[in-house]
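Guided by the hints, dock chain B onto chain A, whose structure is given.
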Amino acid sequence: MNAGFKLRAAEALADPLLKVAVERTAGTAEAKRATAVAAFDAFEAARTRAAAIKDHVIAHLGHYLEQFEANAIAAGAQVHWAETADDACRIVVDLCRRAGAKSVARSKSMLGEEIGLPHALAEAGIERVETDLAEHIIQLAGERPSHIVWPAMHKTREQVSDLFRARHAEPHAEETITAMAESARRHLRTAMLGADVGISGANFLVADTGAVCTVTNEGNAELSVVPPRVHIVTAGIEKLVPSMDHAIHLLRMLARSATGAPLTQYTTFYTGPKRARDLDGPEEMHIVLVDNGRTKMRDEGLAEMLRCIRCGACMNHCVVFRQIGGHAYGGTYPGPMGAVLTPTLDGLAASRDLPQACTMNGKCQEVCPVRIPLPTLLRGWREKSWREGLEPVSTRSAVRLWAWVARRPWLYRLSARMAVRAMCLFGRRWIAAIPLAGAWTRHRDLPAPQGRTFMDQYRRRQR
Amino acid sequence: MSARDAILRRLDTNSGDVAAEARALLALPERPAVDARALIETFAERLSAPGVAASLDRIESVEQLPGAVAAYLGTYAPVPALYLPPDPAVQRLDWSSVALDAACAVDGGAALAVASAAVAETGSLVLDTAPTAPMLPNFLALHHLVVVRAKTLVAHLEDVPAPATMPRARYWVTGVSGTTDIEGQYVRGAHGPRFLHVILIG
Chain A
1 MNAGFKLRAA EALADPLLKV AVERTAGTAE AKRATAVAAF DAFEAARTRA
51 AAIKDHVIAH LGHYLEQFEA NAIAAGAQVH WAETADDACR IVVDLCRRAG
101 AKSVARSKSM LGEEIGLPHA LAEAGIERVE TDLAEHIIQL AGERPSHIVW
151 PAMHKTREQV SDLFRARHAE PHAEETITAM AESARRHLRT AMLGADVGIS
201 GANFLVADTG AVCTVTNEGN AELSVVPPRV HIVTAGIEKL VPSMDHAIHL
251 LRMLARSATG APLTQYTTFY TGPKRARDLD GPEEMHIVLV DNGRTKMRDE
301 GLAEMLRCIR CGACMNHCVV FRQIGGHAYG GTYPGPMGAV LTPTLDGLAA
351 SRDLPQACTM NGKCQEVCPV RIPLPTLLRG WREKSWREGL EPVSTRSAVR
401 LWAWVARRPW LYRLSARMAV RAMCLFGRRW IAAIPLAGAW TRHRDLPAPQ
451 GRTFMDQYRR RQR
Chain B
1 MSARDAILRR LDTNSGDVAA EARALLALPE RPAVDARALI ETFAERLSAP
51 GVAASLDRIE SVEQLPGAVA AYLGTYAPVP ALYLPPDPAV QRLDWSSVAL
101 DAACAVDGGA ALAVASAAVA ETGSLVLDTA PTAPMLPNFL ALHHLVVVRA
151 KTLVAHLEDV PAPATMPRAR YWVTGVSGTT DIEGQYVRGA HGPRFLHVIL
201 IG
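So the protein sequences, as listed, match chains A and B.
For the first sequence, our numbering assigns the number 1 to the initial residue and increments by one for each residue that follows.
For the second sequence, our numbering assigns the number 1 to the initial residue and increments by one for each residue that follows.
Bear in mind the hints are in silico, worked out from the structure with no lab data behind them.
Check each hint, because a few of them may be wrong.
Stated by the list, open to error - Restraint ranges, calculated between C-beta atoms of paired labels, are given here:
1) 348/A with 132/B: 18 to 26 Å
2) 41/B with 144/A: 43 to 51 Å
3) 143/A with 107/B: 22 to 30 Å
4) 443/A with 20/B: 55 to 63 Å
5) 347/A with 102/B: 54 to 62 Å
6) 76/B with 162/A: 29 to 37 Å
7) 143/A with 10/B: 55 to 63 Å
8) 162/A with 107/B: 56 to 64 Å
Claimed, not checked - Subject to a maximum C-alpha distance of 20 Å in a straight line, what follows is the list of computed EDC-like cross-link-like pairs (lysine to aspartate or glutamate):
9) 363/A with 30/A
10) 296/A with 5/B
11) 363/A with 66/A
12) 296/A with 12/B
13) 32/A with 44/A
14) 19/A with 35/B
15) 32/A with 183/B
16) 296/A with 30/A
Just so we're clear, the structure is a prediction, and the values are computed from it rather than from any experiment.
Just so it is clear, CB atoms sit at the ideal spot from N, CA and C, and this is done for glycine as well.
Here chain A stands alone, though its shape is the one from the complex (with noise of 0.2 Å):
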């Protein structure tokens, strides 16, 4: 993956459509969430508590697990537990297999991704019915999601009406957004309400109930569980809160940061499977709690990133994402947030460039609801990847030059001023090129120096 990102890099910086598409969206979104938040008075005391209770909760996480389960299994849910991705897969799988299930609806759920779920259903031989109209968008052109909101907010409209016209039997008639949503309308709906098993994620794990909350703005993910015979429900193990109320305080943070709406359309808390006399809901409900490298976050250095919320306000606000798009990332989690994630989840070594694909402008740090500090995670990987010796050999010794100068000041005062006048050689006001920097000026001018060094100036000033 390490050559891989430079490369997909380029090829996204080189593609005109995708920048039209990503800015779309990520605009409107960031527009939309400084709306919000500036109606919401206290937003930046609410973000500190959003963090409090994340943080609370990491820290006495086994407490709220056991808590959450009890409760669960007294509603009539069935709980799993998973520490790997394949683990977490294969207890699905063999869920769909002991259901006899032919097909699953699935509403879109990033853990799903991240556990790689719709390649081990396919494995399987168990037809997969994505709901969400993006992941039906992107499973349709077999993709990948990339954003955790908008999975497929890199398509224009004519690719998905290509899509669309291909795939679907009565497509839209005319060219029109709200007619292609019609088209997916008609095709989704007979195959949600056929599926042997639905499979969400959730937002939300309620210590105190044993609810699992749910939100999406579709409704995709009600129609999906409610209608089979079977839910099974997906987890991280970070996704606990303690009750009701500390879940609304997140849910108002998480729909504003998100979307910029006061709260998600529909929200909705499931609490085990159909009791006796209801009309609808499944007959079997089961939770799996996934691990899959949460307790080595929390033990390395990253508990902080165990308070992520999913919301996406990270990536809309990031100069490097709204240039590159997601799919460039390479990971499940794109943006900043992937980018710290995606060293704990597929290894620091194949993943090294994306901790340094960040200008630690801290933007996305001012705008996460639960006060991540993302700069200073990326700078954790950066920090550890030189330990490990993963940087480059150029790298290396350009830095180990470096700090070898720097130990000296006279040396360094002597090499600054000597830059300078040779600096001055490649131009009079700018400079198009220097010799052995071309990879970095083949795209930049930069201003020539003017006059001395500032310790020089700085020295004749105390005369």
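Only chain B this time, still in chain A's reference frame:
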């Protein structure tokens, strides 16, 4: 060792009064201001916000419900057939003026639901599943009609009374089934309802 035991063993057994700490985290929570003297006005304003985009009708008593429903459905052609939940509170009324659909059409019709509470802060309706209240019709219909009593209207989400036991599903409806998945453009009626009509009693 089972995965459960292995995961729990890696997580410290807690120390201190976890419950007291959790409660302290909720002291004086920041939330959008709601004028307690103008709950209905705030609720109505939230319902008309573009993201919720619900219509609101107000009636004096539940006896007027069938007439109000017939008037709403009559503004659409063809007039959608209505699914009524097996809730005695609405079943006992005279529905002769409305075309009923006992099975709930897979697409295109209308469904009525009785909310247990409403929230002014967000314009949300709180729905609970019960033997008298199935969930699916509210997601299948094109027109979602929700009836709620004014006296159950509360200021904030936290103020909704907790049920004695959680129903199979408690769901907050704050608008219709909408999507912005194609180029960020908002489309109503993605999978479920395209219209939300709220009838407030009292």
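Here's how the hints hold up against the structure:
1. The given range of 18 to 26 Å is broken by residue 348/A and residue 132/B, whose C-beta atoms sit roughly 56 Å from each other.
2. The given range of 43 to 51 Å is respected by residue 41/B and residue 144/A, whose C-beta atoms sit roughly 46 Å from each other.
3. Under the hint 22 to 30 Å, the C-beta atoms of residue 143/A and residue 107/B, about 29 Å apart, fit the expected range.
4. A hinted range of 55 to 63 Å holds for the C-beta pair residue 443/A and residue 20/B, which are about 58 Å apart.
5. A C-beta distance of roughly 58 Å is found between residue 347/A and residue 102/B, which places it inside the suggested range of 54 to 62 Å.
6. Look at residue 76/B against residue 162/A: about 33 Å separates their beta carbons, and that is inside 29 to 37 Å.
7. Residue 143/A and residue 10/B have their C-beta atoms about 35 Å apart, which leaves the hinted 55 to 63 Å range violated.
8. Checking the proposed 56 to 64 Å range against residue 162/A and residue 107/B shows it is violated: the Cβ atoms sit about 25 Å from each other.
9. Taken as a hint, the residue 363/A and residue 30/A pair is honoured in the structure, with Cα atoms around 12 Å apart against an allowance of 20 Å.
10. Taken as a hint, the residue 296/A and residue 5/B pair is honoured in the structure, with Cα atoms around 15 Å apart against an allowance of 20 Å.
11. For the hint pairing residue 363/A with residue 66/A, the CA-to-CA distance comes to about 37 Å; that exceeds 20 Å, so the pair is violated.
12. For the given pair, residue 296/A sits about 13 Å from residue 12/B by alpha-carbon distance, which is consistent with the 20 Å threshold.
13. Restraint check: the Cα-Cα separation between residue 32/A and residue 44/A comes to about 17 Å, which is no more than 20 Å; the hinted pair holds.
14. Between the alpha carbons of residue 19/A and residue 35/B the distance comes to roughly 44 Å, so the proposed pair goes past 20 Å and is violated.
15. Taking the CA atoms of residue 32/A and residue 183/B, the gap is near 15 Å; set against the 20 Å cutoff, the hint holds.
16. Between the alpha carbons of residue 296/A and residue 30/A the distance comes to roughly 33 Å, so the proposed pair goes past 20 Å and is violated.
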